[in-house]
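Chain A is fixed; fit chain B onto it per the hints.
What follows is the residue order along each chain.
Protein chains: 2
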Amino acid sequence: MTGLLVVVSGPSGAGKSTVLKTVMEKRKDMYFSVSATTRQPRPGEVHGQEYFFMSFDLFHQMREEGKLLEWAEYAGHCYGTPFEPVMNRLSNGEIVVLDIETKGAMQVMERYPSAVTIFLTPPSETEAERRLRGRGTESEEFICSRMEVTRSTFRYIDRYQYIVINEIIEESANMIDAILTAERARTGRNPGLFAEFRK
Amino acid sequence: MTGLLVVVSGPSGAGKSTVLKTVMEKRKDMYFSVSATTRQPRPGEVHGQEYFFMSFDLFHQMREEGKLLEWAEYAGHCYGTPFEPVMNRLSNGEIVVLDIETKGAMQVMERYPSAVTIFLTPPSETEAERRLRGRGTESEEFICSRMEVTRSTFRYIDRYQYIVINEIIEESANMIDAILTAERARTGRNPGLFAEFRK
Chain A
1 MTGLLVVVSG PSGAGKSTVL KTVMEKRKDM YFSVSATTRQ PRPGEVHGQE YFFMSFDLFH
61 QMREEGKLLE WAEYAGHCYG TPFEPVMNRL SNGEIVVLDI ETKGAMQVME RYPSAVTIFL
121 TPPSETEAER RLRGRGTESE EFICSRMEVT RSTFRYIDRY QYIVINEIIE ESANMIDAIL
181 TAERARTGRN PGLFAEFRK
Chain B
1 MTGLLVVVSG PSGAGKSTVL KTVMEKRKDM YFSVSATTRQ PRPGEVHGQE YFFMSFDLFH
61 QMREEGKLLE WAEYAGHCYG TPFEPVMNRL SNGEIVVLDI ETKGAMQVME RYPSAVTIFL
121 TPPSETEAER RLRGRGTESE EFICSRMEVT RSTFRYIDRY QYIVINEIIE ESANMIDAIL
181 TAERARTGRN PGLFAEFRK
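Each protein sequence line maps, in turn, to chains A and B.
Position 192 of the first sequence, counting from 1, maps to 192 under our numbering, and the rest follow consecutively.
Position 16 of the second sequence, counting from 1, maps to 16 under our numbering, and the rest follow consecutively.
Please keep in mind that the hints were generated in silico from the structure rather than gathered at the bench.
Check before you lean on any hint, since a few could be wrong.
For identical chains, the list gives no copy identity; a pair is met inside one copy or between any two copies.
[As the list claims (entries may be wrong)] The calculated lysine to aspartate or glutamate pairs, modelled on EDC-like cross-linking and capped at a C-alpha distance of 20 Å, are:
{"hint": "1", "residue 1": "Lys199", "residue 2": "Glu125"}
{"hint": "2", "residue 1": "Lys199", "residue 2": "Glu148"}
{"hint": "3", "residue 1": "Lys26", "residue 2": "Glu73"}
{"hint": "4", "residue 1": "Lys26", "residue 2": "Glu171"}
{"hint": "5", "residue 1": "Lys103", "residue 2": "Glu64"}
{"hint": "6", "residue 1": "Lys67", "residue 2": "Glu84"}
{"hint": "7", "residue 1": "Lys199", "residue 2": "Asp158"}
{"hint": "8", "residue 1": "Lys21", "residue 2": "Glu50"}
{"hint": "9", "residue 1": "Lys21", "residue 2": "Glu94"}
{"hint": "10", "residue 1": "Lys21", "residue 2": "Glu45"}
{"hint": "11", "residue 1": "Lys28", "residue 2": "Glu94"}
{"hint": "12", "residue 1": "Lys103", "residue 2": "Glu148"}
{"hint": "13", "residue 1": "Lys21", "residue 2": "Glu170"}
{"hint": "14", "residue 1": "Lys28", "residue 2": "Asp158"}
{"hint": "15", "residue 1": "Lys21", "residue 2": "Glu167"}
Just so we're clear, the structure is a prediction, and the values are computed from it rather than from any experiment.
Same shape as in the complex, but just chain A (with noise of 0.2 Å):
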C-alpha cells in the first residue's frame, strides 16, 4: 500500500494542532511531519518536535538543493517541509500530514496532485474574530493584521478537496479519521487490487 500525503490548513484560530494532535491518537500509520523554521525557538519548543529551528543560511542551502517540499515566508520568518523524512515515511507506506499555510499548500498540489487536501476552519468569520480576541492578550491592530490573513486564507478554500468545521474536537477528528479512511479505498490509490482485471 502507497502511503497519503495530507495536506492541512486553515486560518489561525481553527483549531489544527488540537484537531491532528487528536486524530494522531486514533491512528497508528500517521506522521506528523515537522516543518523547518527560521524562527527563533519559544520557551519549552524543543528542535525536531514543535520544529527544526535553523539559521536562514542552512534554511536557503536546503531550499537551493530541493531539499524542501514546500516552503513560504510568513510574518518575517521562512517555514518549510523538509523532503527526506516525508518521502521516507510516504514509501513505508504511512500517511503524513502537513500542517502547512495555503501558500505552500499550493506548492504541494502543484507536484503532488495527489495528496490529499483539507481546509479545517472556525465556523465563521466572526468565530474566528473572537476566537482570537478571546485569548486576551492581543493589540487591536495585531488582530486586525491577524483577520485581514484569515479573510486571505477563505479565499483558499476552492482549491482544498475537504472543508471540516471545527466546532467539537472530537467531530472533528472524527472526520479527518474518516476523511483519511476514505482515501485509503480509492480505487487508484490500490492500482494492485484485482490487477489481472484492470488493463
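Chain B only, in chain A's frame:
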C-alpha cells in the same frame, strides 16, 4: 445540505446487502433504494420492501416515461430504480444508496457524475468462488456461469471511485460509513460555506 447519491456494486458473494444493512444501523441520514423488478417474489419477499414487483408492461411503461433512473436485464428479468423516491430523498438532503449491478451503475455515473461509487468485493476471485460453492446447493453449471458474471464484473472496478474488500462485515461497514462522511465534507458539495469568499 444536498443529498448524496451512492452506487454500490460488486459480484455476488461480496456480501453487499449484509454490509449495507450494517451501515444503515449506524446512520440515520441514509435511505436504501428499493428497485422495481419483473421477476416473481420469492417466499417471504414483500412488495415495497425487497422490491417493487411489477408486470413487464408496467416496467416497460415506467421506462418509456423516464421514471427509471437506471435499468438492466439480468437473468431474464428486468430490474430498475424508480426515479421519484430517490430524487425526493436527495432533495431532502439524505444519502440514497443504490445496490445495483455494473450496467445500471454506468447509467447512473453518466447521468450523475457527482454520484459516489463504491465497488464491494470478496478478497479474491478464488474467495468469490469459495463463497458461492459454500452454499452447497448450486449446480456446477450454475457456479460456472455465475463465476463468469463475477469475472466480467471485476472488469468494471476502475470505473468506481472506491474499492472495499469485504472480509469482516463490521470493518467493511465502517469503511463505507467513513466514505459517506468524507464525501459529505467535500468542498464542492458545500458551496454555501463561506460563499462570500468563494467566487
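Okay, the hints, checked on the actual structure:
no.: 1; hint: Lys199 with Glu125; in the structure: between (48 Å within a copy, 17 Å between copies)
no.: 2; hint: Lys199 with Glu148; in the structure: between (50 Å within a copy, 18 Å between copies)
no.: 3; hint: Lys26 with Glu73; in the structure: neither (32 Å within a copy, 45 Å between copies)
no.: 4; hint: Lys26 with Glu171; in the structure: both (12 Å within a copy, 15 Å between copies)
no.: 5; hint: Lys103 with Glu64; in the structure: within (18 Å within a copy, 53 Å between copies)
no.: 6; hint: Lys67 with Glu84; in the structure: within (7 Å within a copy, 56 Å between copies)
no.: 7; hint: Lys199 with Asp158; in the structure: between (33 Å within a copy, 9 Å between copies)
no.: 8; hint: Lys21 with Glu50; in the structure: within (12 Å within a copy, 45 Å between copies)
no.: 9; hint: Lys21 with Glu94; in the structure: within (16 Å within a copy, 31 Å between copies)
no.: 10; hint: Lys21 with Glu45; in the structure: within (16 Å within a copy, 49 Å between copies)
no.: 11; hint: Lys28 with Glu94; in the structure: within (9 Å within a copy, 33 Å between copies)
no.: 12; hint: Lys103 with Glu148; in the structure: within (15 Å within a copy, 52 Å between copies)
no.: 13; hint: Lys21 with Glu170; in the structure: within (10 Å within a copy, 26 Å between copies)
no.: 14; hint: Lys28 with Asp158; in the structure: neither (30 Å within a copy, 29 Å between copies)
no.: 15; hint: Lys21 with Glu167; in the structure: within (16 Å within a copy, 30 Å between copies)
Hint violations for this structure: numbers 3 and 14, all remaining hints satisfied.
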